[in-house]
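Undergrad: Take a look at the letters that make up each chain.
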Amino acid sequence: MAAMTVAELQEALRGKSLSAAEAMKDTLARIARHEPAVHAFVEVYEQEAVHAAEICDAARAAGGGLGPLAGIPIAIKDNLVDEGHAASAGSRMLATYRSAYTATAVERLRSAGAIIVGRTNMDEFAMGSSTENSAFGATRNPWDRERVPGGSSGGSAAAVAAGMVPAALGSDTGGSIRQPAALTGIVGLKPTYGRVSRHGLMAMASSLDQIGTLTRTPEDAAILFSIISGADPKDATTLAGEAFAWSSRASLEGLTVGVPQEFFAEGMDAEVEARVREAIKAFEGMGAKVREVSLPASSHALAAYYVIVPAEVSSNMARYDGIRYGERVRAADLHATYAATRGALFGPEVRRRILVGTYALSAGYYDAYYRRAQQVRTLVRTDFDSAFGQVDLLLTPTSPTVAWPLGEKFSDPLTMYLSDVYTVSVNIAGLPAVSVPCGLAHGLPVGLQLIGPALSEGTLLAAAGLYQDTHPMGTTEPRLFG
Amino acid sequence: MKLTSEELDHLAKLARLDVPAGERETMQEQVGAIIGYVASLQKIDVTGVDPTFRGVELGQRLREDIPDAGDAETRQALLEAAPEKSGDYVKAQAALGHKQG
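In order, the protein sequence lines correspond to chains A and B.
The first sequence begins at 1 in this note's numbering and counts up by one.
The second sequence begins at 1 in this note's numbering and counts up by one.
In short, the hints are calculated from the structure, not lab data.
Positions of the beta carbon are idealized from the N, C-alpha and C atoms, including for glycine.
Some hints could be false.
[What the hints assert, rightly or not] Using C-beta positions, here's what the derived DEER-type ranges look like:
1) E43(A) to L79(B): 19 to 25 Å
2) G63(A) to S86(B): 49 to 55 Å
3) D45(B) to A240(A): 47 to 53 Å
4) G287(A) to T74(B): 51 to 57 Å
5) K43(B) to S206(A): 45 to 51 Å
6) V90(B) to D412(A): 38 to 44 Å
7) H51(A) to A94(B): 44 to 50 Å
8) Q93(B) to Q261(A): 56 to 62 Å
9) K43(B) to S251(A): 42 to 48 Å
10) R54(B) to G287(A): 33 to 39 Å
11) D45(B) to A29(A): 57 to 63 Å
12) D469(A) to L79(B): 51 to 57 Å
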């Protein structure tokens, strides 16, 4: 059977044309077939998943009330904790760590009936754009196994793109859901800051981190988002506000779409730009009014991002000291043990960011770096505010290039950072955005990014959904190898 | 811009992070290059601009400070995560009396 979406599985399971056990058998067979070449997972919970599917079928047969995701297989990124399971965040530091509690987002999926099938590979502690910075080895792109899937949620993206699971959770601090979604030809949703509880998400940069979804359709993103979003007493940064509501649209009449000129500057692949321009035309064809807008501070967003993130990383990573959890490298005294543990068990990108962040926060440099970056953040936010005074949403490329060959940017951190240039400003301003496939360049997927004002996930997903439903470019299937 | 050997030592000490001898050169170059790149922020005029510290400003949120002892099972699982324990305690080396390096 063909890989099914969450919505299709819901219908088949409810209509009893498919049992949860059959769906799970198919999922596990797909994982067995593609995992050796893709390496999307760090661990698959095979027995537990089969058992959960049997329980789900028994409950359905008994006529019990089942949740909206009953029997649907979902994968989670390895930085989300799940009681009794290991959670390693792609790091040697947490190679044997097992969690004593469960992340709220995972708990909500399970309460809705979803079956968590495993944890997916990622850049260590979500630091990276290629999923090469993992202690468990690199994940491959299902479109070309010699290329990266993007990152840091590259395992989740590859698992969905290869049809191993219909949906996965990821986290997005500067593009870590949207960029791998773009590079593997699927849909990635980064919600408004505060809309999904981060209780149980290992913190990377707390003022930017947000949990979101990787799916094959905007409709599936909406289904999952409606379940994982909402206030949580265990995360004081969650927004109280109204619940998420979504309905599909038949046209984009009445919608004004902005195209920020700064996002079409130098450095973008010409074929990628051509696909994105075609998609913008398609939005016009669906009834939207298109106009150019300017976000002048966006050219400084990446520099501000690479101050804010390392500064918050240097503080968040302080908890990994070999005392309360994780591994330990014992040295002569306590302070030497901290330094030895951290030096030996963090990978190079984590150590680089800790050192840059320590520099930015150290005596004499705070005002010049951290405070200034936060002032630039205000400028970036203000730009978006004024743009959203004129338009309902913005259209941009998600990534300046298609997926690149493994190893190409690995030893050059600054070049790797530049791959986030179109995604970071969204996190800096706390906004929601979705990446949807808009065709191929050089035979590889290109992502279109839709950015909206705070709490506009419904509008974004409806627009992305209509685009995907009416344009064949909006759906792509990897030519799976072997 | 490349960090000097002394600058690297200073940052490594502040961060409690050993940098292996074989990596020092590369780290001095890469960390220096990143700091050089973000130094472009100095050129932006931010006169009179207030800083933004988080994605969405929520204001102060407080709750009653009620201790939650949790259950024995969770306490045990949390203790299990520590590399070294002694009874119901996480064990560390002495923090006082060590020589400040």
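Undergrad: If a hint holds in the structure, say so; if it does not, say that too.
TA: Results for each hint:
1. E43(A) and L79(B) have their C-beta atoms about 23 Å apart, which keeps the hinted 19 to 25 Å range intact.
2. A hinted range of 49 to 55 Å holds for the C-beta pair G63(A) and S86(B), which are about 53 Å apart.
3. The hinted window of 47 to 53 Å between D45(B) and A240(A) is violated, with their beta carbons roughly 37 Å apart.
4. Between G287(A) and T74(B) the beta carbon distance is about 54 Å. The supplied range of 51 to 57 Å therefore holds.
5. Under the hint 45 to 51 Å, the C-beta atoms of K43(B) and S206(A), about 28 Å apart, miss the expected range.
6. For V90(B) and D412(A), the Cβ-Cβ distance of about 40 Å falls inside the hinted range of 38 to 44 Å, so the restraint holds.
7. In this structure, H51(A) and A94(B) meet the distance hint of 44 to 50 Å, their C-beta atoms being roughly 47 Å apart.
8. For Q93(B) paired with Q261(A), a C-beta distance near 58 Å keeps the hint of 56 to 62 Å intact.
9. Range check, K43(B) to S251(A): Cβ separation about 45 Å, and the 42 to 48 Å hint holds.
10. Restraint check, R54(B) to G287(A): a C-beta distance of roughly 36 Å satisfies the suggested window 33 to 39 Å.
11. In this structure, D45(B) and A29(A) meet the distance hint of 57 to 63 Å, their C-beta atoms being roughly 59 Å apart.
12. A hinted range of 51 to 57 Å holds for the C-beta pair D469(A) and L79(B), which are about 52 Å apart.
Hint violations for this structure: numbers 3, 5, all remaining hints satisfied.
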